[in-house]
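*Asks:* So you can see what is in the structure, the chains are spelled out below.
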Amino acid sequence: MSSADQTPPPLYAKREPIFPRRVKGSFRTMKWWLLAMMLGIYYVIPWIRWDRGPEMPNQAVLLDLGNRRFFFFMIEIWPHEFYFVAGLLIMAGIGLFLFTSALGRVWCGYACPQTVWTDLFILVERWIEGDRNARLRLHRKSWDFEKFRKYGLKWTVWFLIGMATGGAWVFYFADAPTLFVDLFTGQAHPVAYITVLILTMTTFLFGGFFREQICIYACPWPRIQAAMMDEDTLTIDYRFWRGEPRGKLKKGELDPNQGDCIDCMACVNVCPMGIDIRDGQQMECITCGLCIDACDEVMDRIGKPRGLISYMALSDQVDEQAGKPPKSVWKHVFRPRTVLYTSIWAIIGVGLIVALFLRADLDMSVAPVRNPTHIVLSDGTVRNVYDIRLRNMYPEARMFVLSVTENPDLSLSIQGEPSNRVMVGPDEQALLRVYLTAPPDTPSNTAERSNLRIWAAIAEGTERVYSDTVFNGRNQ
Amino acid sequence: MAEETENKVKPPSRQYPDPAKKIEQEVKTTGHSWDGIEEYDNPMPRWWVWIFIITIVWSFGYWIAYPAWPGIQSATSGLLGYSSRANVTQEIAEFEERNEVFFAQLNDTELDEIREDDELMRFAVNAGGSVFAAQCSQCHGAGGAGVQAAGYPNLLNDDWLWGGTMEDIHQTILYGIRNEDFPDARWSEMPAFGRDGLLDDEEIDQVVHYVLSLSGSDHDAELAAAGAENYEMNCASCHMDDGSGDYFIGAPALNNQIWLYGGSFEAIRHSIYYSRFGVMPGFAERLREAEIRAVAAYVHQLGGGQ
Numbered sequence: 005m006s007s008a009d010q011t012p013p014p015l016y017a018k019r020e021p022i023f024p025r026r027v028k029g030s031f032r033t034m035k036w037w038l039l040a041m042m043l044g045i046y047y048v049i050p051w052i053r054w055d056r057g058p059e060m061p062n063q064a065v066l067l068d069l070g071n072r073r074f075f076f077f078m079i080e081i082w083p084h085e086f087y088f089v090a091g092l093l094i095m096a097g098i099g100l101f102l103f104t105s106a107l108g109r110v111w112c113g114y115a116c117p118q119t120v121w122t123d124l125f126i127l128v129e130r131w132i133e134g135d136r137n138a139r140l141r142l143h144r145k146s147w148d149f150e151k152f153r154k155y156g157l158k159w160t161v162w163f164l165i166g167m168a169t170g171g172a173w174v175f176y177f178a179d180a181p182t183l184f185v186d187l188f189t190g191q192a193h194p195v196a197y198i199t200v201l202i203l204t205m206t207t208f209l210f211g212g213f214f215r216e217q218i219c220i221y222a223c224p225w226p227r228i229q230a231a232m233m234d235e236d237t238l239t240i241d242y243r244f245w246r247g248e249p250r251g252k253l254k255k256g257e258l259d260p261n262q263g264d265c266i267d268c269m270a271c272v273n274v275c276p277m278g279i280d281i282r283d284g285q286q287m288e289c290i291t292c293g294l295c296i297d298a299c300d301e302v303m304d305r306i307g308k309p310r311g312l313i314s315y316m317a318l319s320d321q322v323d324e325q326a327g328k329p330p331k332s333v334w335k336h337v338f339r340p341r342t343v344l345y346t347s348i349w350a351i352i353g354v355g356l357i358v359a360l361f362l363r364a365d366l367d368m369s370v371a372p373v374r375n376p377t378h379i380v381l382s383d384g385t386v387r388n389v390y391d392i393r394l395r396n397m398y399p400e401a402r403m404f405v406l407s408v409t410e411n412p413d414l415s416l417s418i419q420g421e422p423s424n425r426v427m428v429g430p431d432e433q434a435l436l437r438v439y440l441t442a443p444p445d446t447p448s449n450t451a452e453r454s455n456l457r458i459w460a461a462i463a464e465g466t467e468r469v470y471s472d473t474v475f476n477g478r479n480q
Numbered sequence: 057m058a059e060e061t062e063n064k065v066k067p068p069s070r071q072y073p074d075p076a077k078k079i080e081q082e083v084k085t086t087g088h089s090w091d092g093i094e095e096y097d098n099p100m101p102r103w104w105v106w107i108f109i110i111t112i113v114w115s116f117g118y119w120i121a122y123p124a125w126p127g128i129q130s131a132t133s134g135l136l137g138y139s140s141r142a143n144v145t146q147e148i149a150e151f152e153e154r155n156e157v158f159f160a161q162l163n164d165t166e167l168d169e170i171r172e173d174d175e176l177m178r179f180a181v182n183a184g185g186s187v188f189a190a191q192c193s194q195c196h197g198a199g200g201a202g203v204q205a206a207g208y209p210n211l212l213n214d215d216w217l218w219g220g221t222m223e224d225i226h227q228t229i230l231y232g233i234r235n236e237d238f239p240d241a242r243w244s245e246m247p248a249f250g251r252d253g254l255l256d257d258e259e260i261d262q263v264v265h266y267v268l269s270l271s272g273s274d275h276d277a278e279l280a281a282a283g284a285e286n287y288e289m290n291c292a293s294c295h296m297d298d299g300s301g302d303y304f305i306g307a308p309a310l311n312n313q314i315w316l317y318g319g320s321f322e323a324i325r326h327s328i329y330y331s332r333f334g335v336m337p338g339f340a341e342r343l344r345e346a347e348i349r350a351v352a353a354y355v356h357q358l359g360g361g362q
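Protein sequences appear in the order of chains A and B. With the working numbering, letter number 192 in the first sequence gets 196, and the count goes up by one each step, no holes. With the working numbering, letter number 223 in the second sequence gets 279, and the count goes up by one each step, no holes.
Just so you know, the hints here were simulated from the structure itself, not pulled from any lab data. Take these hints with a grain of salt, some might be off.
To be verified - Now the in silico label distances, taken between C-beta atoms and shown as ranges: (1) A:453 <-> B:223: 36 to 42 Å; (2) A:355 <-> B:160: 27 to 33 Å; (3) A:430 <-> B:140: 26 to 32 Å; (4) A:14 <-> B:88: 17 to 23 Å; (5) A:332 <-> B:101: 37 to 43 Å; (6) B:193 <-> A:53: 48 to 54 Å; (7) A:479 <-> B:160: 44 to 50 Å.
Unchecked claim - The following residues of chain B were derived to be distant from chain A, with all beta-carbon distances above 10 Å: (8) 104; (9) 105; (10) 112; (11) 205; (12) 241; (13) 309; (14) 314; (15) 320.
We put the beta carbon where it would ideally sit given N, CA and C, even for glycine.
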């Protein structure tokens, strides 16, 4: 295949900088609203207060890694309930599958932090340096005071945004007002400073300099998404059968033999990924919709119908070219695959909510001590030892009462406690060593093994939980 | 829709521009072909190359700053003087310094009062547990259940050879059992009634049945009755008339369900015929006083402490 007369291609490619032009339109407006909303949520949430009682943190959303507690408004998650978080992650995953199979790379185009922060950084760039042409001029210019001043200002603002991003992140992991003061007085934990520094630098570099390269080279998600899209997935494409052959306007008039595309490059100039959508769907496209806005604006101006570039499915292209009307959006979106994803998503969601409301605010885990399996006491009584962990998932100290059922032979005592009652502090757990004894000549004493159920109940309340375990007799 | 149809030109048979044509124009292949599968010769992004170069530059700094090149005796030490072994030594020293406070407190606290201080007790149980795992578990088992076949006592039940108070356990650990290194070691010796000819085989069988009867185990009532006299003459002085034994001289109780060497006829007969002579090392010179106190507290809370 290779021929000797060709000069070898360069081994390494320099990045071609992209200067997206400003665009107005419905997608751009929606993206501004989404950007404001998502950044607002990100920055505001750690500052919302939520009263949980005197001994508990009053931050609405708090990932308290030190004490191993996750707080989310009225919900408190203990480490042993981590399946709630796992369930949420599975839901997030299936949600992405659903959106990708229905709407293509809608996550990439509208909601991905890389897209949102890049959008914000480009906005800052435009405010300081001007629109596409001004930025291009400045880029090509040699270094002088104006370029130095504008670039310096731009980089400073980017850096401050990066710091605010990293700064907001750490507030999710500690009491925000306290940490805010500590961060500025130099008293915060080094981990907080390191986290802020890392996120500041990644935000600054990813949003300011790497931009589309993250999506093209670093992110695995676009590669996975390609496997979830089919001929009914709505993506952005160019109606080439309507636009071609393309040609410039001649004296402000459209040549009757040419298509609707006047080759104005508006769609290319606004693209943050630096591609030409008229080449068809391609790997780099994040379906942000800005080329649709740009083209619609031009179509309005030359008096042609909108939608030369628009959201459409692959099957629509075939239908439209054959002169058939395209399927409705609803038919594209509601198909077995998306219904299946929605069902799985909803089943897990309902399951999690049910589990959340059914869970008790106390918990017990019982671990039988098996070294040795049983102990014979001097009067012939057989004793088994159990390590019992009681969790009081409640903002007040409560008295727990332990008891045994299903086996009348056994009596229970707690090491170091005069009775079967033990006090567990607010939102704390207690580790107890519990003895069960079977007197001589009872069935449990002589049997190889017998079943039992240990109950933990709140002394002044109706709540209780149980755990089934076994008792080893002397003939074990 | 009607308006759109009006403007529509005849669609080209393939998407414009032809994607296959575009690839041929822009991307060359390496010329390698395996079963018709060819390899594109795309250039690498340049920032990637820069990162590659930076890692190489970084490695030179790393060679200078950290231990890197192996020599005959040791590696080059590096300008920063980093050593993982020194770090571990330092960490151990830091922990020991922190533990020292508790060890001093253990030494100053009366043995019976250790468990009244929750924090001190928690430290003693953890420190004692690690000492137990290193020094005691070889015989007494990781869980403290001992090994009956070898006569290593079970430390979890409520019967003790030499007493189960904190003082008793502490004394036993300090000097050991039948240990000639320490004059204060626990010492008792039972005669070997069979081997030394003090009782004949028939008499020994009778005594074994009598001993079995003391704890209500299966026995021959006739033989047991015949053995009663020999028991009272030879055994009761240490093991007591009712077989309750004596902690002070280390005479095991015979009237309960706990047997050091097993409660079968054969095991008891072996004990009477040959006697037993279990030994335990003393730890007075191997462990610090505070560690001995900690392990005593650990053993005491295993389930049998008195």
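*Asks:* Decide, hint by hint, whether the structure agrees.
*Replies:* Tested hints:
1. Between residue 453 of chain A and residue 223 of chain B the C-beta distance comes to about 38 Å, which sits within the given range of 36 to 42 Å.
2. Remark: the range hint 27 to 33 Å for residue 355 of chain A to residue 160 of chain B is contradicted by a beta-carbon distance near 55 Å.
3. A hinted range of 26 to 32 Å is violated for the C-beta pair residue 430 of chain A and residue 140 of chain B, which are about 42 Å apart.
4. Residue 14 of chain A and residue 88 of chain B have their C-beta atoms about 19 Å apart, which keeps the hinted 17 to 23 Å range intact.
5. Distance hint for residue 332 of chain A and residue 101 of chain B: a CB-CB separation of about 42 Å, consistent with the stated range 37 to 43 Å.
6. The supplied range of 48 to 54 Å is met by residue 193 of chain B and residue 53 of chain A, whose beta-carbon atoms lie about 52 Å from each other.
7. The beta-carbon spacing between residue 479 of chain A and residue 160 of chain B, approximately 48 Å, falls within the hinted interval of 44 to 50 Å.
8. The Cβ of residue 104 of chain B sits about 8 Å from the closest Cβ of chain A, inside the 10 Å cut-off, so the non-interface label is violated.
9. Not every beta carbon of chain A lies more than 10 Å from that of residue 105 of chain B, the smallest distance being close to 5 Å; the non-interface claim is violated.
10. Annotated as non-interface, residue 112 of chain B keeps its C-beta farther than 10 Å from every C-beta of chain A; the closest such distance is 16 Å.
11. Listed as a non-interface residue, residue 205 of chain B keeps its Cβ farther than 10 Å from every Cβ of chain A; the least gap is roughly 14 Å.
12. Every CB of chain A is more than 10 Å from the CB of residue 241 of chain B (nearest about 25 Å), matching its label as outside the interface.
13. The claim that residue 309 of chain B lies off the interface is violated: its Cβ sits roughly 7 Å from the closest Cβ of chain A, which falls inside the 10 Å cut-off.
14. Remark: the non-interface label on residue 314 of chain B conflicts with the geometry, its nearest Cβ contact in chain A lying 5 Å away (cut-off 10 Å).
15. Listed as outside the interface, residue 320 of chain B is consistent with that label: its C-beta sits roughly 14 Å from the nearest C-beta of chain A, beyond the 10 Å cut-off.
Hint compliance for this structure: hints 2, 3, 8, 9, 13, 14 are not met, and every other hint is.
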